[in-house]
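Number of protein chains: 2
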Amino acid sequence: MNELNPIFYPASIAIVGASKDPAKRGFRSIQKLLEDGFEGEIYPVNPKETEILGKASYPTLAAIPGPVDLALVCTPAKTLPEVIAQCGAKGVKGAVVLAGGFAEAGAEGVELQARMVEAARRHGVRIVGPNTSGIFNTHAHSNIVGFSHLKAGGIGLLSQSGNMALSLVTEAQANGRLGLSTYVGIGNESDIRFHEYLEYMRDDANTKVVIAYVEGMKDGRRFLESLRGVAREKPVVIYKSGRTSAGRSSAQSHTGALAGDYAVSEGVLRQAGAILARKSDEILSLAEALSLLEPMSSRRVAVLADGGGHATIAADALTEHGLALATLADRTKQQLAAILPASAAVANPVDVAGGTDADPAVFADCARLLLADPGVDALLVTGLFGGYGVRFSATLTGIEMETSRRIAALHGESGKPVLVHSLYGSLYADLRPQPLALIRELGIPVYDSLERAVRCLQGLAEFGEARRRPQSLSDARPIRTHRFDEVLEACRREGRDVVLEHEARQALESAGIDLRAPVIVADTEDAAVRAYDALGRVPVAMKIVSRDIIHKTDAGGVKLGLGDAAGVRAAYAEILENGRRYAREHIGRAPDVAGVLVTPMAPKGGVEVIIGVVRDPSYGPVLMFGLGGVLVEVLKDVVFRSLPLTEADARSMLAEIRASRILDGVRGASPVDKDALVEVMLGVSALCDAYPEIAELDLNPVLAYPQGVRILDARILLEGSPSSDAAATGAAHA
Amino acid sequence: MNELNPIFYPASIAIVGASKDPAKRGFRSIQKLLEDGFEGEIYPVNPKETEILGKASYPTLAAIPGPVDLALVCTPAKTLPEVIAQCGAKGVKGAVVLAGGFAEAGAEGVELQARMVEAARRHGVRIVGPNTSGIFNTHAHSNIVGFSHLKAGGIGLLSQSGNMALSLVTEAQANGRLGLSTYVGIGNESDIRFHEYLEYMRDDANTKVVIAYVEGMKDGRRFLESLRGVAREKPVVIYKSGRTSAGRSSAQSHTGALAGDYAVSEGVLRQAGAILARKSDEILSLAEALSLLEPMSSRRVAVLADGGGHATIAADALTEHGLALATLADRTKQQLAAILPASAAVANPVDVAGGTDADPAVFADCARLLLADPGVDALLVTGLFGGYGVRFSATLTGIEMETSRRIAALHGESGKPVLVHSLYGSLYADLRPQPLALIRELGIPVYDSLERAVRCLQGLAEFGEARRRPQSLSDARPIRTHRFDEVLEACRREGRDVVLEHEARQALESAGIDLRAPVIVADTEDAAVRAYDALGRVPVAMKIVSRDIIHKTDAGGVKLGLGDAAGVRAAYAEILENGRRYAREHIGRAPDVAGVLVTPMAPKGGVEVIIGVVRDPSYGPVLMFGLGGVLVEVLKDVVFRSLPLTEADARSMLAEIRASRILDGVRGASPVDKDALVEVMLGVSALCDAYPEIAELDLNPVLAYPQGVRILDARILLEGSPSSDAAATGAAHA
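One line per chain: the protein sequences are C and H, in this order. Converting from the first sequence to this note's numbering requires adding 1 to each position, the first position being numbered 1. Converting from the second sequence to this note's numbering requires adding 1 to each position, the first position being numbered 1.
A hint or two may mislead.
Pairs of lysine-lysine, BS3-like flavour, derived with a Cα cap of 25 Å [claimed, not checked]:
(1) Lys605(H) - Lys560(C)
(2) Lys637(C) - Lys152(H)
(3) Lys49(C) - Lys25(C)
(4) Lys605(C) - Lys605(H)
(5) Lys560(H) - Lys637(C)
(6) Lys637(H) - Lys675(C)
(7) Lys605(C) - Lys560(H)
(8) Lys280(H) - Lys152(H)
Pulled from the structure, derived: some chain H residues nowhere near chain C, Cβ distances all over 10 Å [to be verified]:
(9) Asn3
(10) Glu40
(11) Ile65
(12) Ala175
(13) Lys280
(14) Ala339
(15) Gly384
(16) Ala438
(17) Asn579
Source of the hints: derived by calculation from the structure; they are not laboratory data. Note that the structure is a prediction, hence the values are computed from the model and not measured. Built from N, CA and C at the ideal position, the CB exists for glycine as well.
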């Protein structure tokens, strides 16, 4: 049984700070518990009252006669360390702390929160919050958040905004068919963390699908670990707010949590199997579809329309959501043609062209044929269905009711998702056609927006893909290497946090990456010429190697295409001279130069890409992949994954950048060697996973050829390094 | 008065093909007219009946005693030429032809349609359709399309899909507050074209905003001309379907009209002032906002929220929709701070942080301050407003009612758009809070989706920009030049439709474009060397000039960076030899070679762009601008405008490509010379506008420098040219 069970299925609840004032939470919570029929014990705690709402009130927790599972604490922040200690003494399992004024409110609050948590740890009390709107569990009738009109259902809700929770609860109420199981206002995560709630929802049999409204998590890395497991069992729909810098600054002033970069969140949350809602108004629809329907086994959708307009809009929307119009089997088309008028379109989208006007049962006949086609993964019905009785003749309503039953049965038999968009779906209450109410009751979601229906299909496809994606991390082992241990030792000894390029290359090579080009560091002009000779007298690139000069090109520390010994000799001298001048200007002293790196020039051509690792403050190390060059920098066409990376992760990154077609070869170019790119990405992941000392790693650019790749520059900064921005004073960044 | 007025405000309607069968349109139309209280004369026409629904039936149109404005023709296609002739004889002003089986149905239908139109022209009858769902005008109670539950209002609807019209009408019904003025099912546009309906709506005092659902228009160019004028007077919301190739193929099978490329439609429709809806479920909301609110004078929005969640989502959505969070004046912030609790955020987005819980009137106080700030163009209220009575205490409802009145008054006084998102906006009927119903009644739109509210704000900003954009085409004069007349004459004489590069350059130069580089065509090796000398012995590029070789590089017909006389001589020979071999392989004969073009090499650097003109089958000549290079080809980052181009159009194109930051200079690069780019675009526009003979023009690549641009290649194909794809057999394309 999940450790948090006593909090969500309490046999008894104490209200600390209970009140007789109907405006106060300490009154309304008791009122709500009574209204909602909570069957356990309710114990008001208030030394000044003897009875509240017909319940005996106790002066202290200790005075309560029976055991207490859960305490709702309505008292001010400063009382909390003591209240939690009292909870502990009483054997309370969990406390929901409403008060604000803790870590979100400055240094004093941070200290207060620490003392409260210390008391909790000492006494074995788990804390929800503080600074939470509360929690509820409709199945336990334990609603201590005070939301009204709650319908019990299968949607679990984790939210860092009380108002967003209220929005979703109200939308569910308007929908009329959707119910929630459990709600948690996450608050400050002082004790119980986001991932623990997620794991609780996995274990809760009443929860079928989880919604998380996330601004920023305290321990994103741990959350990802949990998510990776939970998302294979139950769909997890996440709305991550603070996508734009405008949104982030607003989110930060709200919670004090670091919201992080959306591109990072998007990459790592999807990698772990979450379905990401990008709009707040699609969250609940996604949860509904995922709770009712099976994941899609692939992206091929059949559209059944009764007019060209909706057929066209559906086709546009499917394509724009990355779904495909299923190619129907010839046999399916023949069978459709046999039951539809000559003017009907029997290629997908199927347009019945009036073929259902007189007899909407034909919809079910078509649905049967389409769902039986092995090339179809899901069926979207769009147009007037459900409203034929309204539009044409009331006598058709009976036929539509029967058709609803048949389509629902076909859904069950086929095991493929079926969704209905109806223009009559926008009508509410009395006006809403009965056949639509019936088919929804039978488990088929009904939409008044065609785009929303398609978005939900996309969610079903994403969930299918998340479940099929290999999640085993066994092929993603960290690699510690003797060579890099030595490098780290040297850095420690020399007090530097810049790993020199040749050291970084050695580390990559020792992690199993084929660098495909030898590198020699020369520390005299003669040594440089000897290196040139040793490399076979092919044209070489030469680069300064100095802990003090990171942006080598800007320092004049790079010379390319040197094709004879004299040139190499002259380049060596010039590079050194440039480096010295640059260092004098930027750091005011002579640079510490280890030598000049000599390596054969990379072949012409190749696609420029970037592979890098940074440590996200919440999610930990994340790997970035993108195309290089100024255009992509402007268009920000990059994707992120958390480490460790699996081979499937790496391949999905190559496919996910918007300009991925370039990797496949355009304008007659050959495709690049994706296997070699994946090898580099997995090697980088293994190395960074093994060495938490690596703060940043940057392979930029990497040239990808039809055969093999060449890493043109490799940078590693160690933990404790000033960040790239701040480093300008320490090392000569430009 | 608009010519179509008798069709939309008829004093009398004849139903040709009237029927006593309640399933038939000839019965239901009469029934609907009677139900809806049509006050004019209704004349059923059917030789077999004497009376239908209490109205005397006439055997023929001629037998009708009074004059007839409008005929609804329900008879089959084949009868139409005769029926229209009878309409003409009777003096009928307009006929709505429902039947299908005309131009959309193959060659026979095309011929039938031509005969019908010929009869109409001869007799001065205007035709709506054929293949139309019908028309209605709620203000004239002349509903002959048979939609039910029509509420009269200010939205005019033009649709190429009857089902989409029904969708929008039903959505308006569900909304409860939105009414339509006029509907037209466009049908085949056999006689009355799309733009004539648009102009009618402009002239109709009952129509405040126009919605057009467009699949493909017969005469897009004429529509754009009308749109340019109408969109300055009334907002025109257009949904263009068939955006993707999947959608287009579906649209084509539906209407037989060419839906065209969405990027082209998007560019030219927005250029002319349309507000483009990209989702079918936002069309009506956009129309509502545009009918209620004033256009925004700039993009700066103030957000007034009562919780961090909605504030964050609003900030994200505003940024993602290209809007800006207004920077509040210090004075505004101080005044807000004075009325809000200390925990409130008084920088935009404003989060009252509980400051309205006890007294929602504070919303109006905040709204007053925000609307008075000169840095604010519009106000978005988001969160619980309207539902405080539901959420906290019923006593607050009265305060909220008064607050609604005050906010509505502030809206009127400020002349700035105010929109309300409320999570209680999703509740319908009895549940919907009164303050929201009231504020909507007072002219403030209410949304249950925050993203939808922001989308509508974006529409108001777009409408403001469309109205402010200079629409005078006086600075966009066509330029005919003597030099290009000569070129055309030469082409005609020589039977070629390929304008040679040097001819194209001369045409551009004569149109006022500064080419910044001399070009000499040499027809012998000696002449090439003389050209090299004449150009000052700078390194030159050399290119074959031949009507038979368009893709010069592929033919080996281009040599670059030739820096001495010997090199020039050798290059000349090689280019000719390569050209001859290529032509032999591709067209099986020796090429017609005019010589070799010699021109100084363009300077290094510069941003590669493409400027081109094609003739769209519907919209006529359109100019494309985009960045060059393989990446942009993959990402399709191009924009289109119809000709003639104004300077404002040209500048908007530079700003509108996604990667426009590259033109402004990134990574320390200088910005490119936008004036020079605009000069080229306007010159190209002037030339192509003057010469309908130009089928395609391609300047690719153009290099844009900090000072000036260089056109590296210029191609012009003349009308009657095989298109690029088909030309491979005629000229040696690769």
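Q. Regarding the assertion that Ala175(H) does not contact chain C, is the least Cβ-Cβ distance greater than 10 Å?
A. violated (4 Å)
Q. Would the least Cβ to Cβ distance between Gly384(H) and chain C come out above 10 Å?
A. Since the minimum Cβ distance to chain C is about 6 Å, Gly384(H) lies within 10 Å and the statement is violated.
Q. Hey, Lys605(H) versus Lys560(C), does the alpha-carbon distance stay inside 25 Å?
A. holds (19 Å)
Q. Hey, does Ala339(H) actually stay past 10 Å from chain C on C-beta?
A. holds (19 Å)
Q | Distance restraint between Lys605(C) and Lys605(H), which requires alpha-carbon spacing of 25 Å or less | A | Holds: Lys605(C) and Lys605(H) sit about 18 Å apart, inside 25 Å.
Q. Is Lys605(C) within 25 Å of Lys560(H), Cα to Cα?
A. The given pair, whose Cα atoms are some 19 Å apart, holds under the 25 Å limit.
Q) Checking the smallest CB distance to chain C, is Lys280(H) really beyond 10 Å? A) violated (5 Å)
Q. Going by Cβ atoms, does Asn3(H) stay more than 10 Å from chain C at every point?
A. holds (27 Å)
Q: Could you grab the alpha-carbon distance between Lys280(H) and Lys152(H) and see if it respects the 25 Å cut-off?
A: Holds, because 24 Å separates the two Cα atoms, which is no more than 25 Å.
Q.
Can you confirm whether the C-alpha distance between Lys49(C) and Lys25(C) stays at or below 25 Å?
A. holds (15 Å)
**Q.** 25 Å Cα cutoff - pair Lys637(C), Lys152(H)
**A.** With a Cα-Cα distance of about 48 Å, the restraint between Lys637(C) and Lys152(H) is violated, given a limit of 25 Å.
Q. Per the stated criterion, does the least C-beta distance between Glu40(H) and chain C lie above 10 Å, as a non-interface residue requires?
A. Its Cβ never comes within 10 Å of chain C, the nearest being 26 Å, so this holds.
The structure shown violates the earlier hints numbered 2, 5, 12, 13 and 15.
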